[in-house]
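If you read the sequences in order, they're chains A and B.
Residues in the first sequence are numbered from 0 upward in steps of one, following numbering that gives the first Met the number 0.
Residues in the second sequence are numbered from 0 upward in steps of one, following numbering that gives the first Met the number 0.
Bear in mind the hints are in silico, worked out from the structure with no lab data behind them.
Note that the coordinates shown come from a computational prediction; the quantities given were computed from them, not determined experimentally.
Glycine included, C-beta positions come from ideal geometry on N, C-alpha and C.
Any given hint could be a false lead.
Claimed, not checked - Far from chain B, by Cβ distances over 12 Å, these chain A residues were calculated:
no., residue
1, L19
2, F61
3, G164
4, G201
5, R222
6, Q293
As the list claims (entries may be wrong) - In silico SDA-like pairs for lysine to any residue, Cα to Cα no more than 25 Å straight-line:
no., chain 1, residue 1, chain 2, residue 2
7, A, K24, B, E111
8, A, K24, B, F311
9, A, K24, B, R347
10, B, K351, A, S41
11, A, K181, B, W340
12, A, K33, B, W340
13, B, K351, A, K107
14, A, K181, B, P316
15, A, K24, B, S283
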Amino acid sequence: MNTRFHIIIPGIDDESGDRLFGAVKQEVNRIENKLSRFIPDSDVAMLNKKAANESVRADDEFFEIINACRVCWDITEGAFDPTLRPLMEYWKSRSEVDETDEKLNGIKDNIGMGKVQIDSELKTIQFDSDGLEIDLGGFGKGYALEKVKYMLKDASVKSAFISFGESSILALGEHPAGGSWKIGMNDYLNPGHSLHRFYVSGGSVSTSSNFFVSDNGRLKNHRHVIDPRIGQPVERCCSVSVSAESPVLAEMLSTAFLVSSDEVIYEVMNQYDHLEVIKVDYESGQGIVTEFEQKEADPMVQEDN
Amino acid sequence: MTAALAGTSVLTTSMPWFSIFNNPAAAGNGPSDRVRVGVIGVGSRGRTLLLNLQELSESLNVEIAAVCDTWEDHYQRAIELTEGKAEAFYDYREMIDQVELDAVVIATPLHEHAHQTVDCLNAGLHVFCEKAMARHLDEVKDMYDAHKDSGNILLVGHQRLFNPVYLQAMEKIERGDIGPITMLRGWWHRNTAWVFYDDTGGRGTDLDRLRNWRFYDEFSAGMLTELGSHHFQVANWVLGNQPISVMGSGSINHFDDGREVYDNFALVFKYPKDIHFSYDCITSNRHNGMQVQVLGNDGTIELESNMWFEEFPDDPPSIEDLILSMMEQENEDIPIGGATWIPDGPIRLGGKYLSPEYTMNDTLLYLEGFINFVRKGEAPQKLTDEGYHASIWTLLAEEATKTGQEVFLPEDFII
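Please model the complete structure; the sequences and the hints are all you need to start from.
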């Protein structure tokens, strides 16, 4: 998944640590081999290759993954959409917005999770259009952490801290000094300082941003986040962090909320317990944090649900 | 000449032969400047070598002036491949007598290498001989001595010596990037009966002995000489030394069809500085493929897959701070989350590529080097010595598997 992975398990004995680390590494590699579109025979690559022409039978795990994406697309009103890669590729080579560009409009017409047909009985997936492509970049790390969480529980690990590229974090149990893990959100304009702190015990924090960081670079806008509402890259330098019990939910929601309206964020927050959301806007030259408080549910909304 | 080789600072001690690419021989385009090569043996490997030489014909002004094969099919194929322009022979002696040549490329069955090489060297020709050098230790030494006595070039076809991946790996190792080397591991695993020709009437027939010569003790040491010798050369090269001794065991475990050579063996080479190289080979399971791993205290290099892995990549400061907070029992807010970290270069399953040029044709590069050396009239002695030591230790490894003894280099074969 083109990033790094750290796992810290306080107090584990030598031998168990070796075995557990080996098993976790194998599981993460297995997931990468399944979900990476860069690996030619991964489930995703095979789906992208075939699903425009035929309905593709998915194994149970892969079917559930695509289904989960569909559900998240639904509840975020289209903000979480793993089919936007063709637009991302389009914008890589362009900076001017030309609404009349036929190529752009052609791409827009051909993508969208709504064009992914899912048959729950047959467990098949089919695309309605040729230009469609699934990219699980905003899903895979959270999914891997979800699996690792169960592996650690299975191994009776009571306390652990796992970071997948810093943008997906799972914290189980308590810090060895006692209390929840205090997960600071790094300020990229002032590295080494926290803009916000999540208190996590048995949960996760996922961050999505329209920039990446590497060891020799400052934050860089890669134009890799597309706002599906307008079909254009998010130009404003920003990030969203979501804390949730489930790593995969946190991952999907942080991906979605980067392009969601505040209303949609609040609506989703009302549907889940223990969600915390912050947005950080770096555009002014310093990181401005907006905290989204989980509101008391609006009775009308609840009735609608 | 490739980008990978052009931009590299050549390590003159461990790889002096690479300097030929930065300082090639001056080659005119005229007929008198042409390097004339004869190809002896145009079987599967010989055909590859011939095709590679043809690729160099224009850029290096090299001509395949003669071809030779004792078997009619291959004799005819050689004529076809050279479009009748090369003089064709069944007997290499006639070829070197009758055609004016500068060099020969030998790709015959192993047991033919020695007398052909010695005859060619003594006839004033430079020789590129496929690996391994010969079937018996004294033949290997005879070839080496003929090279020294005649002053003509003798190179042995361990083409990894010219592979950009290996070049970059050697640079990395010499720089200390993987720390001190503590062990080498290698293997060559296939799942194949390894039958080159299946219309011979089966094992033991005269025709099978001729065509599938790799199965017969008289002609070959099987996978030891035909496959393992490549990796034994690599181990010597990486460690800058030849082994102190070799131990091993071999068996015919799965393909017990009348063949005389092992389909299953395991070896341990002891090297100076208390380093071991363990190596195994089977033809009944391909799960592991082929590999040579160089294990250092700070990293691992996988030569056959162009990868290197750090043992202890730098942790981000935030992870170090977190661990410190755990050691010091102070639960602090550490700025550890945020945008996704991405590496500066491409990575695959935790490792980095050694060289961007992964699918390099090292056989072509080696032949390019050979033609340049022929034009200059000399080649780095270390290159010949690499071939010699690899071939000697291949045969000593065979002895170890057959006797169950720890085998050392006999004094007669020290050069």
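Sort out whether S283(B) lies within 25 Å of K24(A), counting only the CA atoms.
violated, 28 Å
Is it true that the CA of K181(A) sits at most 25 Å from the CA of W340(B)?
At roughly 20 Å apart (the allowed maximum being 25 Å), W340(B) and K181(A) satisfy the hint.
Mind checking the alpha carbons of K33(A) and W340(B) for me, to see if they're no more than 25 Å apart?
holds, 22 Å
Would you check the hint for K24(A) and E111(B), treating anything up to 25 Å between C-alpha atoms as holding?
violated, 50 Å
With the threshold set at 25 Å, check whether the alpha-carbon distance from K24(A) to F311(B) stays at or below it.
Holds: K24(A) and F311(B) sit about 16 Å apart, inside 25 Å.
With 12 Å as the threshold, tell me whether L19(A) passes as away from chain B on beta-carbon distances.
Check passes; 17 Å lies beyond 12 Å.
Is the hinted pair K351(B) and S41(A) satisfied, with a Cα-Cα distance of at most 25 Å?
Holds, at about 21 Å.
Mind checking the alpha carbons of K351(B) and K107(A) for me, to see if they're no more than 25 Å apart?
Status violated; Cα separation ~36 Å.
F61(A): least C-beta distance to chain B exceeds 12 Å?
Per Cβ check, F61(A) is outside 12 Å of chain B; nearest 20 Å; holds.
Taking the shortest Cβ-to-Cβ distance between G201(A) and chain B, state whether it exceeds 12 Å.
The claim stands: G201(A) keeps its Cβ more than 12 Å from every Cβ of chain B (closest is about 16 Å).
Hey, is G164(A) genuinely clear of chain B, shortest beta carbon separation above 12 Å?
G164(A) is in fact no farther than 12 Å from some Cβ atom of chain B, at 5 Å.
Examine each Cβ of chain B, and state whether all of them lie more than 12 Å from the Cβ of R222(A).
Holds, because the least Cβ-Cβ distance between R222(A) and chain B comes to about 14 Å, which exceeds 12 Å.
Figure legend: structure checked against the earlier numbered hints; hints not met, in rising order: 3, 7, 13 and 15.
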